[in-house]
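Enquirer: Let chain A serve as the given structure and place chain B on it in line with the hints.
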Amino acid sequence: GQQVMQIPQYQHVQEGEDFTTYCNSSTTLSNIQWYKQRPGGHPVFLIQLVKSGEVKKQKRLTFQFGEAKKNSSLHITATQTTDVGTYFCAIPPNNAGNMLTFGGGTRLMVKP
Amino acid sequence: GAGVSQSPRYKVAKRGQDVALRCDPISGHVSLFWYQQALGQGPEFLTYFQNEAQLDKSGLPSDRFFAERPEGSVSTLKIQRTQQEDSAVYLCASSLAAAYNEQFFGPGTRLTVL
Numbered sequence: 061g062q063q064v065m066q067i068p069q070y071q072h073v074q075e076g077e078d079f080t081t082y083c084n085s086s087t088t089l090s091n092i093q094w095y096k097q098r099p100g101g102h103p104v105f106l107i108q109l110v111k112s113g114e115v116k117k118q119k120r121l122t123f124q125f126g127e128a129k130k131n132s133s134l135h136i137t138a139t140q141t142t143d144v145g146t147y148f149c150a151i152p153p154n155n156a157g158n159m160l161t162f163g164g165g166t167r168l169m170v171k172p
Numbered sequence: 742g743a744g745v746s747q748s749p750r751y752k753v754a755k756r757g758q759d760v761a762l763r764c765d766p767i768s769g770h771v772s773l774f775w776y777q778q779a780l781g782q783g784p785e786f787l788t789y790f791q792n793e794a795q796l797d798k799s800g801l802p803s804d805r806f807f808a809e810r811p812e813g814s815v816s817t818l819k820i821q822r823t824q825q826e827d828s829a830v831y832l833c834a835s836s837l838a839a840a841y842n843e844q845f846f847g848p849g850t851r852l853t854v855l
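Same order as they appear, the protein sequences are chains A and B.
To convert a position in the first sequence, counted from 1, into the numbering used here, add 60.
To convert a position in the second sequence, counted from 1, into the numbering used here, add 741.
Everything labelled a hint here was simulated from the structure, so no lab data went into it.
Do not take every clue at face value.
Derived pair list, reagent style DSS-like, types lysine-lysine, alpha-carbon separation capped at 27 Å [unchecked claim]:
| hint | chain 1 | residue 1 | chain 2 | residue 2 |
| --- | --- | --- | --- | --- |
| 1 | A | K116 | A | K96 |
| 2 | A | K96 | B | K755 |
| 3 | A | K96 | A | K129 |
| 4 | A | K96 | B | K798 |
| 5 | A | K129 | A | K117 |
| 6 | A | K96 | A | K119 |
A few chain A residues that face chain B, going by a derived Cβ cut-off under 7 Å, partial list only [as the list claims (entries may be wrong)]:
| hint | residue |
| --- | --- |
| 7 | G100 |
| 8 | P103 |
| 9 | F148 |
| 10 | M159 |
| 11 | F162 |
| 12 | G164 |
Derived CB-CB ranges, DEER-like [what the hints assert, rightly or not]:
| hint | chain 1 | residue 1 | chain 2 | residue 2 | range |
| --- | --- | --- | --- | --- | --- |
| 13 | B | S799 | A | V110 | 22 to 28 Å |
| 14 | B | P811 | A | G113 | 43 to 49 Å |
| 15 | A | K130 | B | R822 | 39 to 45 Å |
Everything numeric in this text was worked out from a predicted model, so none of it was measured.
Think of the CB as a built atom: it goes at the ideal place given N, C-alpha and C, for glycine as much as any other residue.
This is chain A alone, in the form it adopts within the complex:
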């Protein structure tokens, strides 16, 4: 089935530093979603990217979808302690269906 690799697995940053997580697929994706899961919480939808080369911004978060639609990134500018959590990318199946395949996640820890 579909797989997506996500790196890094962990990232410690000082508050105010930037952070980036990357997702890579061996196959072309129709779209990709990003979720955030706070410690002890559940995944919360952040965004969906559909178009080749798409870039979307949400305040300090910038999401990109690669030109070949095989990779994506999430960049956070000037991290804050509220950004702490695990960020997951998620992809649809390559056949009919609606379930998501999640990457392994990048756990972000921010030191104040």
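Expert: Okay, now just chain B, sitting in the frame of chain A:
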């Protein structure tokens, strides 16, 4: 408005016991998903319903796992003869339409099998 709710939030079972986990999706949401999340891992797909029809159960790890959504709203995930490897957080998610779009997750049920 109410989000997705799940009960119980925590369940401790002795090995061999049967458990039933409940999910109340957002009202009107057609699609309902169950995922299993082990500690430090991403959620892994178990099964998918569109209304009352179970369209995909390819992720269920064994025939001890059974899910239903008889009236197209509330869903129950049942695990028979629980094993220690079943210990995980079970997440339910719903989405508005059958097409691939945003999923709303419930708080999960943390199952611990002793």
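Enquirer: For each hint, tell me whether it holds in the structure or not.
Expert: Do the hints match the structure? See the list:
Using a Cα cut-off of 27 Å, the hinted pair K116(A) and K96(A) holds, with the two alpha carbons roughly 16 Å apart. Distance restraint check for K96(A) and K755(B): the Cα-Cα separation of roughly 32 Å exceeds the 27 Å cut-off, and the hinted pair is therefore not satisfied. Our distance criterion of 27 Å between C-alpha atoms is met by K96(A) and K129(A), whose separation comes to about 21 Å. A distance of roughly 25 Å separates the Cα atoms of K96(A) and K798(B); the hinted pair therefore holds under the 27 Å criterion.
Of the supplied pair hints, the one linking K129(A) and K117(A) holds, its CA atoms being roughly 18 Å apart against a limit of 27 Å. A threshold of 27 Å between alpha carbons decides the hint, and for K96(A) with K119(A) the separation of about 15 Å falls inside it, so the pair holds. A hinted interface residue such as G100(A) counts as satisfied when its beta carbon comes closer than 7 Å to some beta carbon of chain B; here the least separation is about 9 Å, so the hint is violated. Residue-level restraint check for P103(A) holds (minimum Cβ-Cβ distance to chain B is 5 Å; threshold 7 Å).
The interface hint given for F148(A) holds, since its Cβ lies 5 Å from the closest Cβ of chain B, which is under the 7 Å cut-off. Because the smallest distance between the Cβ of M159(A) and any Cβ of chain B comes to about 4 Å, under 7 Å, the interface hint for this residue holds. For F162(A), the suggested interface contact is upheld, since its CB lies about 3 Å from the closest CB of chain B, less than 7 Å. Look at G164(A): its Cβ gets to within about 5 Å of chain B, closer than 7 Å, so that hint holds up.
Distance hint check: the CB atoms of S799(B) and V110(A) are about 25 Å apart, consistent with the given range 22 to 28 Å. At about 45 Å, the beta-carbon gap between P811(B) and G113(A) stays in the expected band of 43 to 49 Å. For the hinted restraint 39 to 45 Å between K130(A) and R822(B), the CB-CB distance of approximately 42 Å keeps it satisfied.
Figure legend: structure checked against the earlier numbered hints; hints not met, in rising order: 2, 7.
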